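Residue numbers (the numbering used here), protein chains in the order written: chain A, 19 to 346; chain B, 14 to 591.
Be aware that a few hints might be false.
Claimed, not checked - To be clear about the criterion: a stretch of chain A counts as covered by chain B if any three or more of its residues have a C-beta under 8 Å from a C-beta of chain B, and this derived list gives those stretches:
id, segment
1, 134–147
2, 176–186
3, 237–250
4, 292–300
Unchecked claim - Calculated Cβ distances over 10 Å to all of chain A for the following chain B residues:
id, residue
5, R119
6, A140
7, H215
8, L456
9, A523
Don't read these hints as lab results, they were simulated from the structure. Note that this is a predicted model, so its numbers are computed, not measured. Note that the Cβ used here is the ideal one computed from N, Cα and C, for glycine as well.
What follows is each chain in one-letter form.
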Amino acid sequence: MLGLAFRRLLHAAATVLVAATASFLLLHLAPGDPVSAMLDQPTMSEATRAALRTRFGFDRPVAEQYARWIGAALHGDLGWSLTQQRPVAAVLADALPRTALLVGTALLLAFVAGVASGAFAGWRPRHPLARALVGGAVVLHAAPEFVIGLALVAVVALRYGLLPAGGYADPVADSLLSAPERVADRLRHLVLPATALALGWTAIVARHQRAAVGDVARGDFVRTARAKGVAEGAVLVRHTLRAALAPTVALLGLALPALVGGAVVTESVFAWPGMGLLATQAVGARDYALVTGAVVVGSAAVAAGGLLAELLQAWLDPRLGASAEDGA
Amino acid sequence: MLDCPLTLHAPARRRRASLRRAIGRAVAGLTLATAAGCHAEPRASAAATTAGDVGGTVIIATAADPGVLLPPLAGSTQASAAIDQVFDRLADLGDSLNTFGDRGFRPRLSDRWTWAKDSLSVSFHLAPGARWHDGVPVRARDVAFSFALYTDPATASPLAPLLSNVDSVTATDSLTATFWYKRRFPTQFFDVTYNLYVLPEHLLARAPRDRLAETEFARHPIGSGRFRFASWTPAQRLELTADADNYRGRPKLDRVVWNVAPDFGTATIQLLAGDADFFENLRPESFGQTARLRTVRLVPYPSLDYGFLQFNLRAADGSARPHPLFADRDLRRALTLAVDRERIVRNAFDSLADVAVGPVPRALFPDWARLRQLPYNVATARALLDSLGWRAGPDGVRAKGGVPLAFTVLVPTSSLVRQRLAVLLQEQFRVVGARTTVEPLDLGAFGERERARTFDAVVGGWHTDPSPVSIRQTWGTAGSRVAGGSNFGSYESPAFDAQIDSALFTSDPAKARPHWLRAYQTIVDDAPAVWLFEPRLVAGVHRRVRVVGLRADGWWTRLGDWSVPARERIRRDRVGLR
């Protein structure tokens, strides 16, 4: 188990390095630079532009810029954000918890709702509600996050005004609300983006869970449990669901990077000030340091999540850990 | 006080009909607003603000972060809007937008000014009651310090070139700052009032000039304006609160909050959902939805923008060789004649833009109707191309000496409108035998290609400030030959330059007008660009908010005089100053 964790850690570090290097090079090789994007004014003299490029080191060869950046990054300095005029680490430190909150909530929602609805659909496949759930899962699986997000905004926020259309908090909440009210306000703002992000994966989890429950339900031990007179609810929860849950947990490793990727779109639709929105805006403004920093932190978070899922799976099913140890 | 709202409340049966009505009303409102002198407001005063009519919070949706709140480094309109509330200029440009001499300017940080007899210096007498928000009095040495800060090369302020006509600034006494000019120039007063905000020396004197953006002041600016800086969470929200004891009078609002959205669409949604009270630039596609809301009204106001299809008169490889097509004036004129600008603009903007008349918005050029335009005339365009030797080939594309009449039009992917215009132009050029390829580019790459002059044609646009001086940079020979100049198409005309110089050096605006007319006529006749559109801006405003002074050079110029009537206040209006 320890060896597996170590190898996976090395693998994760290599992934982060490759992702950061690729993003750094792609940004620097594209035409234009941050000075052009920041201050495109007819009054700005070429001398001023040149002075700014020199100040930020954009006049140096790309290889030298990369060497400087990687050297600083290894010491924990991710550089200076030109769009936010503060250290990249500080910008990311603000944004990361919000993305973690959004993705974590979406993950929880997707798995709770997906497992529950999938289990029901697998357990009672002919029930009209189960059929509706299966149909709904197909639609939700096919719909992109931004479509779901815009639909939720249009109906829930604009049509009925039930929840805020976007943002992380009410702009004047700090002045108006007590601490518990402020938490409630944050949760109100969280509902729509987390739901938009979660629905697609709810469908995926539900379909897996439905299939797994269907398979397990036909197993001998389930029949034996019933024959022994165990109550139907207990057969489902204690026997069937427990056995059918392990393959679904494997989905965690896939869901996390997909949800982080989906968060980029969802955060833009809902103006949720997390890593995804930050990275999108930084790309537009050619904020090299911020984009690369976001890639480093984002890929590290994804790698860590994947590692966690893998370890969890190995813990649930020791055979997987053993085969990994064998180099399988 | 005049308020110029455009009320939209009739529910529409069909979205299209609703959209048309909304746009029609917006245009009508704009006309009425202009006719009624909507922007000619008396200046705010402490006397005008009594207890009871103050209070309220206005949340402004914005599609971009201010980025930086230091006046010498600010480049975005979002930053300008906030900076203009926190910091003070010496005087305010009047509603007439006159930039020649000091006519129409209103007192601000200086309550009066005195000219030297030779007009080579002007002394500003500061308002004695002016205080920085930390309580320290504003003094003349702050003005001298600010000038030094702006013009220090280490600061790298993009505004420094606009102050280059000033030799020095001295503090004659504690409340008198004198600007000494190198030469007399009609806009010399405008230059030092519009482009220079006064900064506190006692807080910035020790700040490293080349790292100003990294200072504590940059994150918590302290000014002397009618609003105080309260808080700023980058890319999320910026909050200002009223400076209750301000020497220019307390603002009527308690607070203004900028709610930063990632794009126009999300900012519009914030307004429609009631999460914001004001959005400066609603797009036509949002009008139908806005028209169905009882909480939001539309307030049109003029802009200082214009857009065009610019031809590159030099070879597209960035060299100084002439362009094989566009170096020919007659060819440019023929292509211009082939464009139905009215139809294109209606198609792209509906009623929310006028056809541009030249390299100047109407708000800055009273004689615009006297400019003779190249008319839309396909037959004449074809005949002219025939006479120039461009013959149609079997594929319908003209060619001459083996060179096809084909070129590429660059457009930035950030602008859907410009992309739409490029496609419409493509079709109209095809009709006369010219083949165009539209090449969308990300904004950074688009700007890079423009500056390197490696393009055939671009759909471009300029947002001008009220001073006409920048036209030398954007269309004059100076902007073509100097490295970093913004005359990307390299249009060079001695006649145009001479008329512009004459206009810029004539102090009397009335006497300058014929020069402006001749200059613009020269460039319109030479057709270095097809002048396409001049947008009309429409702000979305929550019904309870009374807005005043949405001026072409900045909707925020009278933000301190906006108000929310006590009986119409909602929960967020009752926060108070704390």
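Hint by hint, here is what the structure shows:
1. 134–147: violated (count 0)
2. 176–186: holds (count 7)
3. 237–250: violated (count 0)
4. 292–300: holds (count 4)
5. R119: holds (24 Å)
6. A140: holds (29 Å)
7. H215: holds (22 Å)
8. L456: It is violated; L456(B) is separated from chain A by about 7 Å at its closest Cβ, not greater than 10 Å.
9. A523: Given that every Cβ of chain A is farther than 10 Å from that of A523(B), nearest at about 27 Å, it holds.
Comparing the model with each numbered hint stated earlier shows that hints 1, 3, 8 do not hold.
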